[in-house]
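Since each chain comes alone in its own frame, lean on the hints to assemble the complex.
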Amino acid sequence: MKRDRTVMPVQEADVRSTNFLEVALGYSLDDAVLEASRCLDCKIPRCVAACPVNIDIPLFIRELKGKDVESAYFTINKANILPAICGRVCPQEKQCEGACIVGIKAKPVSIGALERFVGDYALENKLSSDEIIIENNKKVAIVGSGPAGLACAVSLRRLGYTVDIFEALHEFGGVLKYGIPEFRLPKNVVDEEINKARKLGVNFHKNVIIGKSITIDQLLHEENYKAIFLGSGAGLPSALGLAGENLTGIYYANEFLTRVNLMKANSFPNTPTPVRIGSNVAVIGGGNVAMDAARTAKRLGAKNVFILYRRDMDSLPARLEEVHHAIEEGITFNLLYNPVEFKGRDYKVNRVKCEIMELGEMDDSGRRRPMPTGKYKTFNITSSIISIGQSPNPILKKATPELVVDNRGRIVVDHHQTSIDGVFAGGDVVSGAATVILAMGAGKEAAVAMNEYIESLEID
Amino acid sequence: MYKIIRKEILNVDVELMEIEAPLVARNALPGNFLIIRVDEDGERIPLTIVEHDLKNVTIIYQKLGYSTKLLSQKEAGDSLFDVVGPLGQASHIRDVKRVLGIAGGVGAAPLYPQLKEYAKRGAKVDLIIGGRTKEHLILLDKYKEFCDTVYCATDDGSSGIKGFVTQVAEIVYQNYKYDLAIAIGPLIMMKNCVILNEKYDIETDVSLNPIMIDGTGMCGNCRVTINGETKFACVDGPDFPAKGIDFDELMARQKYYNHEEDHICKMKLSK
Ligand SMILES: Cc1cc2nc3c(=O)[nH]c(=O)nc-3n(C[C@H](O)[C@H](O)[C@H](O)COP(=O)(O)OP(=O)(O)OC[C@H]3O[C@@H](n4cnc5c(N)ncnc54)[C@H](O)[C@@H]3O)c2cc1C
Ligand code: FES
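Protein chains in written order, with numbering that gives the first Met the number 0: chain X, 0 to 459; chain A, 0 to 270.
Just so you know, the hints here were simulated from the structure itself, not pulled from any lab data.
Result set (DMTMM-like, lysine to aspartate or glutamate): computed pairs, CA atoms no more than 25 Å apart in a straight line:
1) A:K2 / X:D163
2) X:K195 / A:D40
3) A:K54 / X:D163
4) X:K195 / A:E39
5) X:K263 / A:E259
6) A:K54 / X:D216
7) X:K302 / A:E260
8) X:K342 / A:D245
9) X:K397 / A:D235
10) A:K254 / X:D345
11) X:K205 / A:D38
12) A:K2 / X:E170
13) X:K186 / A:E39
14) X:K263 / A:D38
15) X:K186 / A:D38
16) X:K263 / A:E260
17) A:K190 / X:D345
18) A:K54 / X:E221
19) X:K263 / A:E39
20) X:K352 / X:E340
21) X:K205 / A:E19
22) X:K263 / A:D261
23) A:K230 / X:E340
24) A:K230 / X:D345
25) X:K205 / A:D40
26) X:K198 / A:E39
27) X:K397 / A:E116
28) X:K342 / A:D247
29) X:K352 / A:D245
30) X:K77 / X:E92
31) X:K205 / X:E134
32) X:K397 / A:D94
33) X:K352 / A:E248
34) X:K376 / X:E357
35) X:K205 / A:D235
36) A:K68 / X:E170
37) X:K205 / A:E39
38) A:K254 / X:E244
39) X:K352 / A:D247
40) X:K205 / A:D52
Extracted from the complex, chain A is given alone in its bound form (with noise of 0.2 Å):
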């Protein structure tokens, strides 16, 4: 069992926990992510480890499907029945000197190690982050230690501009030039990111999630096409240069199981 050191409610929908798993801690670096099982029966659940030092982790997840709404049943104290990691390739961290993170809702959690650790070596950083209100702007004051300049884009105008991050990003590349964008969130954001960022002739990195069982390479759910060629987002990734990244693919394997998802939601928890 892997007990619930701390948790933080972030916003109405995100939630953060820092858990007891040394063997996870151990060998931990930015970009790997972990798996665990709230309980007995549990589903395996994606996660990205957030920070850890030698003994806990922390992890940030939106109470979205069955799983991580029963996750969120627990409090500090109680246990998790598994959690292993650390899982999928550490971030590629490149040579470079000027970085924008694109950080859409709850993406900005496994942005954060990444872009932290470009800032640590030495590159210039700037955050867009967006979410629906300003509550949806996770981690804020943790990006600010480390990001020269932070703009924010709701869905509600509550804070920055009222919009997508693509829009702030439009006007920021106006006046200036990066080397490197990483961008983080659902999909579909992803997906215009790139778009955009390719019209401005920036590279691109991006995170993905697609659902995953066993996170070590052996089921083949994570799969995503990448140049007609298949990865496996679990080992070769989840981080990949987004350039012929087949999102409309991945979209629709990410949407397979929403109907499942809907019924257990509405069967299991609706009390």
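So here's chain X without its partners, still in its complex pose (with noise of 0.2 Å):
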């Protein structure tokens, strides 16, 4: 393959370092047909099988190579209600695009851009397939409206159910509207993408939290639901334990970010809900929540925002674009940084001092151990932003003490069957903090499984 990859333009650094509008602006029809010529249609496509979802990536890009990029839309949809979502925040180097055979050579092709490019179209000329849905009447009900909750509700509104979605925040999409930033996924994106679904007649409930405005055993016994999909995430932040966690201007990136996306605090005073982190913003962590903090934190006008890292560069969980990016907008990596104590004055944090580490052998998850070295150093701050993790919201569990879930508190399943019948899960309240592609699909399985389920109940 001779030709490079095709560029997906993005607003300059200087420039998007200063705004909240979306980064990279997406190919247009031309970018969109050159790159799709790079496929080599493979034979055995391995980027399929490395897609969680298995999307049939060499047709939708033949079709879209052709310039028919309303079939090429629904090639991508019949695997993935939520392509214009995917197509950007999608781990495509660890999946399709980690498996192209362009990429041994040359930079693999663009899957993620074209998938994109082909969700956007439809958005934008508002294509739908003309569905006829037979009511069967009966009821199921989703906990959450993230990405494992709509995929289920549209799987299960298409078999004909009438389908419920409850949701505890004034909002609907969970992490994609309160925790991944606007500059990454407009939210009208992800708006339209909801839209969809309540155009297909699934119902959205906002402001009822299950487990405690109404219970899972009120939903089946006093509500008559048939079925229960539990999609309700991983919202618990995990804490450092470290002294002084608690002193003003520590966030939990799930505050900072709640605050910034959800309650629109970088409009205050526009909007009443404020958000302050001062000149001097500590990061905490390597994730794409690290980078999402980092990056939003700078957008507020923060001088010098950076990472604290306790592994190295190519350890990075993030997705590799964000850290291309960030790095881009200035944002500095500290690496090989242990936090082992916040300090302050009159409960306003001042300090972080790290424990500086060095890389040691090979862990179980394929990167080098980091190794304490029992050397300092303390970093000035005005601010830190804990972004190390999050573990499934324990209210429903408290609510229904016969749910087993596992010690780190995730929801147990077999088959997407809970312990309690008639109760399925998916998402990262299953898996443990995972990736929107993984939790569409598990909804979109527990789907399938909540359906034999219900018609098995009509055998008896």
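Pasting the structure below:
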């Protein structure tokens, strides 16, 4: 393959780091067709096997090459109902693009960018298949409106069920709304995808916390839902457990990102929820959440934003593109530092003390283990954002003692079936914090299991 | 949308609203709270569920910051954009015989459902209630329905003694012994009550009101350190046994956005 990858236009780094508009601007039709022509259309496509939902990638790319964007969309849509979202946020380098044969000698085909192009085209042109839904008048309940819940809802709706989604927050979309920032995933894209589900006839109910407003037991036995899907995600922030962690100026990423994304604190005082981080911000962690927090902090005007990560650059779990974008935007990466204590004055944080680490042997994750050196360095900070992971929210478990979870609070399932008859689960609440596409895939599969379960009830 | 069924002005600073929210009312218990958003871009504000029936919930709020002032502009017949709940743990009602409630200002609202529950279960209940002026002593008539004795304290002496609730408590403790005190009000008042009660060996429960966003344990904004351990007030509380609470840290956390609050009030409310 001689031709280089078609580059997606982006906002210039110095411009974009002062605004919240989307960074990557997307392909034009010409760009997309050009990039599509790099695909070798392999007989045994490794990309399809590497895609968690097995999109027929060579087929949609072939259709795109022939400028038949509409067919390309329906090809993707069979396997993935949220292409405009997944095209933007999937870790393609670890999935389809990582397996692409072209990638052996050159850069792999930009499958994510193509998927996004097709997804955006479908939204802009309001493409939807004329689906005829034959109502079966059986009610199912979906807990949580993140990718897992949305995928499950749409699949069940297509089978004719009356589908009610219950969401704890005042907006729908889960992490897609409160976690992933606007500059990476515009909220109107999320809303449009949700509107498509609404048009199919899925009922959305905001401000309903299952386990509090109404319990699983009440849903099953008082409200006559035949089955329930739990897609409540992994919303509980992990703590470092360090001295000084509750000083002011120390945020968990969830709080910081929710203030900005869901509550629009970047528009304060035009919106009433504020956020304050000062000029020197230490973001702790190396995943997508950390990158999002750091880049958001930069956009709020912090002069000096740095990552503190206890491993090396190669070990960062974040999407590659986000790491590149963060570097371009002037985020500093302080590697091999492990925070051990926050210090402050009058309950306000002003320093973080870190142990300097060095690389040891490979660990189970295939990365070199960070080893303590007994040497320390202290950084002056005005605030810190802890982004080291999330686990499932314990509300459902507390309200439903018979729901079996593991020692990390994850719901235990067998083929998406939980320990309670008629109650299914999938997404981050089962896997722990993972990815949009895996959550979506789980929601879709669970729908199949739920349908089988409900049908089996009738045979008895 | 959630309709305002009734609005009542309790005094110049404090108002009551009854709101239609059947899914909040359905499972509500004493000690639970809810979160409202007044309008489309509104802040999420936590408020105690003071009373409820099968369909409606009653809240009491002080017009203190921007969002509560905005709320106060709504009238019966208007609607709120969002109401979600019931949130938090229900009050842990202990098996005790004599309970003293200590309420400061609008703290009388969250105290009410708890204290009433104790009375309902047969405990002998007294109340010390404090406020700026006589007018600021809210829910007095309702409290008198189940309290044996109600003592008042006001800053200006317009009702009861002139001074703090802790001064009244100090006098009351000379004559009576309580198994439990429940103190709810400004953090500084709760802190001082706890110090006093420790001196008299009276266990104290408090209800905390840190800044919250989601109210479901997702953000960690509502963190409070208790005996060196981190708790989330929205899911582990808001009621806690007072022993070991780091009130000073909590006060600092609560004041973190005071500057922004002043700014938005000046900018958007002073016309
Ligand atoms: C900042 C950030 C950046 C990320 N970046 C990426 C990325 O680039 N690529 C990628 O693939 N993945 C990314 N992820 C991970 C991805 O977002 C999640 O894996 C995915 O959203 C999980 O989907 P879900 O449906 O299981 O849960 P969620 O998206 O968490 O949705 C769960 C929903 O359930 C609601 N809920 C919870 N409890 C209840 C209840 N009791 N009653 C009612 N509703 C309830 C929640 O409010 C929430 O809306 C990121 C995550 C974060 C936090
Ligand atoms: S308010 Fe967000 S965790 Fe308590």
